[in-house]
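Those protein sequences? They're chains A and B, same order as listed.
Numbering follows the numbering used here, with no gaps: position 361 of the first sequence is 361.
Numbering follows the numbering used here, with no gaps: position 57 of the second sequence is 57.
Simulated from the structure, these hints should not be mistaken for lab results.
Check before you lean on any hint, since a few could be wrong.
[Stated by the list, open to error] Here are the simulated PhoX-like pairs of lysine-lysine, each with C-alpha atoms no more than 20 Å apart in a straight line:
id	chain 1	residue 1	chain 2	residue 2
1	A	Lys43	B	Lys263
2	B	Lys22	A	Lys106
3	B	Lys40	A	Lys333
4	B	Lys301	B	Lys313
5	A	Lys43	B	Lys332
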Amino acid sequence: MKYVDEFRNLDAAKSIADKIRAITKHKWNIMEICGGQTHTIMKYNVEELLPPEINLIHGPGCPVCVTPLELIDKAINIASRADVIFTSFGDMLRVPGSKMDLLAVKAIGGNVKMVYSPLDAVKIAEQNPDKKVVFFAVGFETTAPANAMSVFEASKRGIKNYSILCSHVLVPPAIEALLSSKDNLIQGFLAAGHVCTVMGYEDYIPLSRRYKIPIVVTGFEPVDILQGIFMTVKQLEEKRFEVENQYSRVVTKQGNIAAKNLLNEIFDVVDRKWRGIGTIPKSGFGLKEKYAGYDAEKIFSLENIIVEESPLCIAGLVLQGLKKPMECSQFGKTCTPENPLGAPMVSSEGACAAYFHYGKR
Amino acid sequence: MSKETISTFNLNCPMPISNYDKVLLAHGGGGTLSHQLITKMFYSQFENEFLNQQHDSAVLNFDNQKIAFTTDSYVVHPIFFPGGNIGDLAVNGTVNDLAVSGAKPMFISCSFIIEEGLDMNELWQIVQSMKIAADKAGVKIVTGDTKVVDRGKGDKIFINTSGIGLIYDGANINPRNCKPGDVIVINGKIAEHGVTIMSAREGLEFETTIKSDTAALNTLVENILSVSKNVHIMRDPTRGGIASTLNEIASLANVGIQIEQNKIPISEEVRGACEILGLDPLYIANEGKIIVIASAEDGEKILAKMKEHPLGKESVIIGQVRNDEPGIVVMKTLIGSSRIVDMISGEQLPRIC
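Chain A with its partners taken away, still in its complex shape (with noise of 0.2 Å):
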């Protein structure tokens, strides 16, 4: 296939990884933002290949982890309703709230459907005039146009029946909150190369020169991600830090301007909370006050759900790469991906999923 076997290459891989282990002179902490990243890393044991000094940390980069567990009962509350039909992307509704998941929801007999892209959400609104019609709009830029895209469109087309379950996160504010912490040990960051193929990186520049860290716009295959690597290891070793595209195929610096445009529209930047971090400032998208009409927050009446995070779970230290997933005295035991107590348990994407079902255990 192409655009992937090339970067699925034993000897690409390889050479590489030769270049990475003829460059490294010193140890080296390098976190890479993105779940997509993660995954890749454990799906082709991508760190057997490199040099004992690189210690890779997974950053909160999975929409689906950092999704607070408040937020997640809250779309439970929604889609218990009789008079709604629940809409998400397939792998929020195996989630756990603190008592149960969007699926179990649908198996006492709630209207819960998987869709493949908002706008379906927005058809079937329209198909269904007598209900009301939820989107779980969770996700990073990545996901955000489309999520927008909905809203535009049905308000566009007079829909009134269909509104967002929002919980948009950001990825600079993290990576900022990170290195503002007084323990960090992150010395080079792999950015997410879809979250930038929509907002371009101009943004990571201040944050290199102001933290004088590397930052190396990175893709998702194998190859793409020792490529990484190797370009931020090369930073470091030279005491360089600044922001370079491996991901140039997909990638520009100013991303694309039209789903820019279309965030500006439909949503403001707001506070957010994330799973397994608490609240970041300015670190998420929330719907602006003229599409009020479409936020299920302000819809349904859900003041009242407040939850509270395991307090059995380190994922903010998991997160921030002081700790290894099997380092917790959780991991493996009370805590697994069918019954997790926290973020990074949650989504295959997450680093203590990831590190179950890949076998670091």
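With chain A's structure known, arrange chain B on it following the hints.
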């Protein structure tokens, strides 16, 4: 047994199931949740030496004649899909469960649970494909049952088929015979049935030329057994895909299994669809595939014989049984590293990004 003893018995037997107080779809998905349900609920209560074989069919003894007995229910949606329909699927599936147990499929039953309002013409097409499939596999449909349920109480049609077959002379299919060095063979491209069903479902608007691989494997099995007495296990990797089947074998046989990613046959179309949906083809259902594990010395002989058969032209050795890490399936990846191939916990769900 009186009613009183039954209720006393029940009081002493708390329900064993763990985290869920309702049955979820994932309990039927073929992953760890299915296994928990089957082990904790069904095996624990129905336990006997035949069930404990944990094979696709139970092997029973009657006057020195060994008979394989199996059953399966078909609830596929949509009921018509490229490459087949629920009818031929129901016949082929039961034929295959018998065949992989080392039996010649003989007789099949079929029970229909039909939803009120099903188009009579659709039912006719289903029945005709069942006849064609049964003729092709050389089995007779000898008994059956029909129930019609209220509209909304079923999904057009559900079919249960049971089957019996005669175990071939000398066939000794038993996972406990697997030993380090054994080769693992598959008869062609994986994940075609599952991807076909997904792309035929509403809500997923992409067109493919992918067809279900549904087929009866009994003549292929006959060929395999005609050249080797050292076939240790055969399985049809249906629900849960080859990853789940290999994990089941590894744990039943208490051996390690290693497969090589670059050997696993898969079409470009199926790979493309899996990339778009974020699904792993190792976990996607097949309906015309067989995994054969046999002694290394018979490997080439079996492979050559399989390639002569129309359903085995693309047969290939994808890995071997290993000494270390019993119960674990390891895959050598395309980039030369190794990783564990785990059992999936529930149904595979498309990812957000």
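| In ascending order, which of the hints set out earlier in this document are inconsistent with the structure? | none
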